[in-house]
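Asker: Residues per chain, in single letters:
2 protein chains.
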Amino acid sequence: MEDDFSQWYTDVVKQAELVDYGQVRGTMIIRPYGFAIWENIRDVLDKKFKETGHTNVAFPLFIPESLLQKEKDHVEGFAPEVAWVTHGGDEELVERLAVRPTSEVLFCDYYSKNIHSYRDLPKLYNQWGNVVRWEKTTRPFLRSSEFHWQEGHTAHATDEEASQETERMLSIYADVVEKYLAIPVLKGRKTDKEKFAGAKYTLTIESLMHDGKALQSGTSHHFGTGFAEAFDITYLDENGDSQYVHQTSWGLSTRIMGALIMVHGDNHGLVIPPRIAPTQAMIVPIAQHKEGVLDKTYHLRDQLKDLVRVDIDASDKMPGWKFNEYEMKGIPVRIEMGPKDIEKEQVVLVRRDTGKKEFVILAELPTRLPALLEEVQTNLYNRAKAHLLEKTNVATNMDEFATILEEQTGFIKAMWCGDIACEEKIKEDTLATSRCIPFEQEKIADTCVCCGKEAKELVYWAKAY
Amino acid sequence: MEDDFSQWYTDVVKQAELVDYGQVRGTMIIRPYGFAIWENIRDVLDKKFKETGHTNVAFPLFIPESLLQKEKDHVEGFAPEVAWVTHGGDEELVERLAVRPTSEVLFCDYYSKNIHSYRDLPKLYNQWGNVVRWEKTTRPFLRSSEFHWQEGHTAHATDEEASQETERMLSIYADVVEKYLAIPVLKGRKTDKEKFAGAKYTLTIESLMHDGKALQSGTSHHFGTGFAEAFDITYLDENGDSQYVHQTSWGLSTRIMGALIMVHGDNHGLVIPPRIAPTQAMIVPIAQHKEGVLDKTYHLRDQLKDLVRVDIDASDKMPGWKFNEYEMKGIPVRIEMGPKDIEKEQVVLVRRDTGKKEFVILAELPTRLPALLEEVQTNLYNRAKAHLLEKTNVATNMDEFATILEEQTGFIKAMWCGDIACEEKIKEDTLATSRCIPFEQEKIADTCVCCGKEAKELVYWAKAY
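Sequences listed follow chains Z and Y, in order. Sequence positions in the first sequence follow my numbering and run 1 to 465. Sequence positions in the second sequence follow my numbering and run 1 to 465.
Isolated chain Z (complex conformation) (with noise of 0.2 angstroms):
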């Protein structure tokens, strides 16, 4: 991991049978074991969203190309990469249809024929789905083809309700990332030159994988009235005005399961934080041809059943060979029993994030199990905190910023004047984007880092994913 990430990363989405590689270039088929991780993700998400009173749905997978142009910078950002369908059987269709690349287009199309009134505000819908761009280079989880996201569109009467519903979702995300996946973010809002195509603002979390490289992790669109004046979605007002309707997209994707891995993996594969993962502890029995051992795993398993997601694994492979496995698909911890842990009514527990060792009584292990998956839990986060914050660096000047890149990418803290043009020189110079404008902010100096003129805002950059 340390020598080639990249061949790492590969090496594990393989071996831990995440994914295999679809037949279509840079598409992906999510195996068993990454599909359950996905869905778990998916649950507590899902939850969130109702909870906040939002409503799933399912629009269609096509968008008449007349549709997709109607709001010029979406189109603009969006066309490069969409998959065109131009054939139905053997007729040749009239018009091509787009296979979506994101939804907003059909989602205003709805609004504007069934929004009439203030009655009718707001509109929170959700729907999980999977959406197509035809990306150039492309790798599992990270940059697909096809991937799959929810992605959440809502329509409000007033800009100050857009606004609130934009962080709320970032905020949901942000939650979400850091206390069930265990990794840390920054929030902030993108720049202009960053944001999505068609948004008036974007706020994103961002998170920082064990390379030093950043992965936009979530994001979260404030679109002002700038699709509802291309879409006609107005509203009757309480005094009978008509108004146009302020609107928020926000989605987060299969990508973070690259997150998932390339923060928490190591050497021997994945590490699943316990909260997600599909099963938190996997009993190996050992010896387990011994008279009684296998009936006393099996029992152990029912017992620890409705406590946490335990599995056993007593196939006739070698002990050796299941502990390696269960470490390559990060499984947070093993519990070990054999002839000698019966005879002293004991279990051995293997944490995955440490490798450490522990011996339980079994009239313990029920307190002691539940116990220990939180300490995994938490060590994860804290692990990952402590790496991002090691890889947080300040420039004041191109120079520190050129050299902190050169030794140990990360984050790199530097103020900005607001200026696209040092933007894009840093881009040019560096490789590091803007990453985010932090909603926390310091003055870390008076001067851009760029250019030297009057600095507005503290950005973070760094090289991305």
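If you're looking for bench data, these hints aren't it; they were derived computationally from the structure. One should not assume that every hint holds.
Note: identical chains are not told apart, hence a pair may lie in one copy or across any two.
Stated by the list, open to error - Keeping only pairs whose Cα atoms sit at most 30 angstroms apart, straight-line, the calculated DSS-like set for lysine-lysine is:
#1 Lys70 / Lys136
#2 Lys113 / Lys317
#3 Lys47 / Lys113
#4 Lys453 / Lys136
#5 Lys305 / Lys179
Mind docking chain Y on chain Z? Use the hints.
Answerer: What follows is chain Y alone, placed relative to chain Z:
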């Protein structure tokens, strides 16, 4: 509904806010209420799939044309209704990509690479997703260019195991459709003419709509080794000999939403069975401007919400307007509470299925309401079962066959010689198709209903959606 069933269907689908039409011909937008029902059906099925050892996966949306062509019967069946992607961005693709109409070939390709030994079997995969079939005439849920479904794809060591799987999954479909959707079904096998393109045989559940037309409601296919031979999917058995795997696939789609509407609906709109109703009971405050009414009804909601899926409509619309809306949406039970009820410490319960009212004292509501919901569930099933039996008639010759169809449609039980020529002639003369060869065979005559030659088996026939 009696005058124009087709128009009634379209009206209910729109007015109950289940779907809206998409911009692209034959596509649909599944709105919050429609999707919430589908989510409940999905959750019940998903749980049963997992309990029987299946795991979810996500395979790609696109299929290279050459891959689709590998199994001859399969491609002939599906090619005419494939939507083709020919361009990615500005670039013309070297090979056209089919938007998946079903995913057999993708799973086969994967299995051919990932199955090596008998230890790798069985593979019990399922995926939830969208597929596209470019249909000429479309109707929401019943026949749409894009629809949502689950498709299970399994591989087994023996023909016997694959047979058991095919039957097991059909049983799960029958069980869920009967017990949760309250729709009685016929279980049987499709004739060779009606089986899935590429299958050895297809099992089906068939239900009967209010207008007497049948609807195929879920199918489970046994592929034998047909796909395995086309895709070279082999494993080494315990003796080290190479063997072809035996495969199945099975699917249930949003089409079942059409059955739900057309089996239980009436002139007031939808009737949703309690076990899958997103809202099982809707509280409508009466004279809600009077002091204490809103407080009491909200309090009631809070008391009931852990027992049943309950909601309250405290909007400023008139109660009569609310009654109509929730009747249209088919909410199983309405709870009315006004000043007089509060005084008497009671509520009024109104069943959606029969319209019957009852007064229940508050102290008894936590036991009475769940019991009433079960009564509604049972009544819906019994009513639909009685309808199915009433509309099932026996024909021993084509005159009887034609007379039944003219007078009242429904299922026709008739003996068949097994010759596809008779099946085709029946369809040509009457528009009825063979729905299934029921598992429960009876010998109602010695001769084929069509040709008069020796009968082989009993078949259910019907006009169908």
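Asker: A separate judgement is required for each hint: does it hold in the structure or not?
Answerer: Hint by hint, here is what the structure shows:
| no. | hint | in the structure |
| --- | --- | --- |
| 1 | Lys70 / Lys136 | both (26 angstroms within a copy, 28 angstroms between copies) |
| 2 | Lys113 / Lys317 | between (61 angstroms within a copy, 22 angstroms between copies) |
| 3 | Lys47 / Lys113 | within (29 angstroms within a copy, 37 angstroms between copies) |
| 4 | Lys453 / Lys136 | neither (37 angstroms within a copy, 64 angstroms between copies) |
| 5 | Lys305 / Lys179 | both (23 angstroms within a copy, 28 angstroms between copies) |
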